[in-house]
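Chains as they are written, first to last, in the working numbering: chain U, 1 to 113; chain Z, 1 to 116.
Source of the hints: derived by calculation from the structure; they are not laboratory data.
Remember, it's a predicted structure, so these values are computed and weren't measured experimentally.
C-beta: ideal position from N, C-alpha, C; glycine also.
Heads up, a few of these hints could be off.
Taking CB as the label site, the calculated pair distances span [to be verified]:
(1) U:V14 with Z:S18: 14 to 22 Å
(2) Z:G63 with U:L80: 45 to 53 Å
(3) Z:E71 with U:E79: 32 to 40 Å
(4) Z:Q78 with U:K65: 39 to 47 Å
(5) Z:T73 with U:R96: 31 to 39 Å
(6) Z:A55 with U:R109: 31 to 39 Å
(7) Z:I20 with U:F75: 36 to 44 Å
(8) Z:P42 with U:T13: 22 to 30 Å
Residue-level listing of the chains:
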Amino acid sequence: EAAVTQSPRNKVTVTGGNVTLSCRQTNSHNYMYWYRQDTGHGLRLIHYSYGAGNLQIGDVPDGYKATRTTQEDFFLLLELASPSQTSLYFCASSERGGAREQYFGPGTRLTVL
Amino acid sequence: GDSVTQTEGPVTVSESESLIINCTYSATSIAYPNLFWYVRYPGEGLQLLLKVITAGQKGSSRGFEATYNKETTSFHLQKASVQESDSAVYYCALGDPPSGSWQLIFGSGTQLTVMP
Numbered sequence: 001e002a003a004v005t006q007s008p009r010n011k012v013t014v015t016g017g018n019v020t021l022s023c024r025q026t027n028s029h030n031y032m033y034w035y036r037q038d039t040g041h042g043l044r045l046i047h048y049s050y051g052a053g054n055l056q057i058g059d060v061p062d063g064y065k066a067t068r069t070t071q072e073d074f075f076l077l078l079e080l081a082s083p084s085q086t087s088l089y090f091c092a093s094s095e096r097g098g099a100r101e102q103y104f105g106p107g108t109r110l111t112v113l
Numbered sequence: 001g002d003s004v005t006q007t008e009g010p011v012t013v014s015e016s017e018s019l020i021i022n023c024t025y026s027a028t029s030i031a032y033p034n035l036f037w038y039v040r041y042p043g044e045g046l047q048l049l050l051k052v053i054t055a056g057q058k059g060s061s062r063g064f065e066a067t068y069n070k071e072t073t074s075f076h077l078q079k080a081s082v083q084e085s086d087s088a089v090y091y092c093a094l095g096d097p098p099s100g101s102w103q104l105i106f107g108s109g110t111q112l113t114v115m116p
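Work out the full structure: start from the sequences and follow the hints.
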C-alpha cells in the first residue's frame, strides 16, 4: 500500500527562523508535491518534482525552497520563516503526473510566532 | 483560471441522515476534466474517496456517490445515511489529463461532523 510519511508532525518556530520539513514516500513514485492548506483555501501547490534532482515551481513558491535528494525524499525549506507561513503542510506522491491519483502524507502543522 | 467551489463548512448532521456536499467547477482551459473527491480523517492525510473521468458517469465508494454533470459543471457528493465514522474533511478536486498537467485544483474543503 502507498505510504507517505512526514516529519515533524508539529513545529513551532519564530519569525526569521530556519525550518525544514521532510517527506518520504515508499511507493516508488516519480512525482512528489508540497502543498499548504489554509482555512478558506483549497490545497495550494508550493513546489513539485518528477525525480531526484528535479524541482518545479508551483502556484505559491515565494518564501519556500525545496530539494529532492532521492526518489524517496523531498524536503521543503523555509529559510526566513514569517507568520504568513503558519499553515498545514501536506506532501504527496503520484506514479505519474497528469492529474492522476495522489497519495498524501498526514501533514505537518507549522506555527511561526 | 480553473477553480472548484464547494459547500462551506462546517456541516453537522445526525447519524442516519442523508448528506449532500455541493461541488461546482470552472474549467475554462479543460474540456473534460477528471473529477475527484478526497477525504481527510482526523490526524491523517488526504485519501482518494472516488473519482470519475467521464461526463455523465457516477462514482461510488463507502456508500458515497457523485455524478459528473457537464451541463451544470457539478460533482456533488451524496450519501443516503451517514455514520459517525464519516466525520472528516471532504475535498472536491479537478485535473486535466489531456494536457499532461501535473496539477490538481482543490476546493477549500468541507468539514463534516456526524452526531451520534
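These are the hints, each one checked on the structure:
{"no.": "1", "hint": "U:V14 with Z:S18: 14 to 22 Å", "result": "48 Å, violated"}
{"no.": "2", "hint": "Z:G63 with U:L80: 45 to 53 Å", "result": "47 Å, holds"}
{"no.": "3", "hint": "Z:E71 with U:E79: 32 to 40 Å", "result": "48 Å, violated"}
{"no.": "4", "hint": "Z:Q78 with U:K65: 39 to 47 Å", "result": "42 Å, holds"}
{"no.": "5", "hint": "Z:T73 with U:R96: 31 to 39 Å", "result": "26 Å, violated"}
{"no.": "6", "hint": "Z:A55 with U:R109: 31 to 39 Å", "result": "38 Å, holds"}
{"no.": "7", "hint": "Z:I20 with U:F75: 36 to 44 Å", "result": "40 Å, holds"}
{"no.": "8", "hint": "Z:P42 with U:T13: 22 to 30 Å", "result": "24 Å, holds"}
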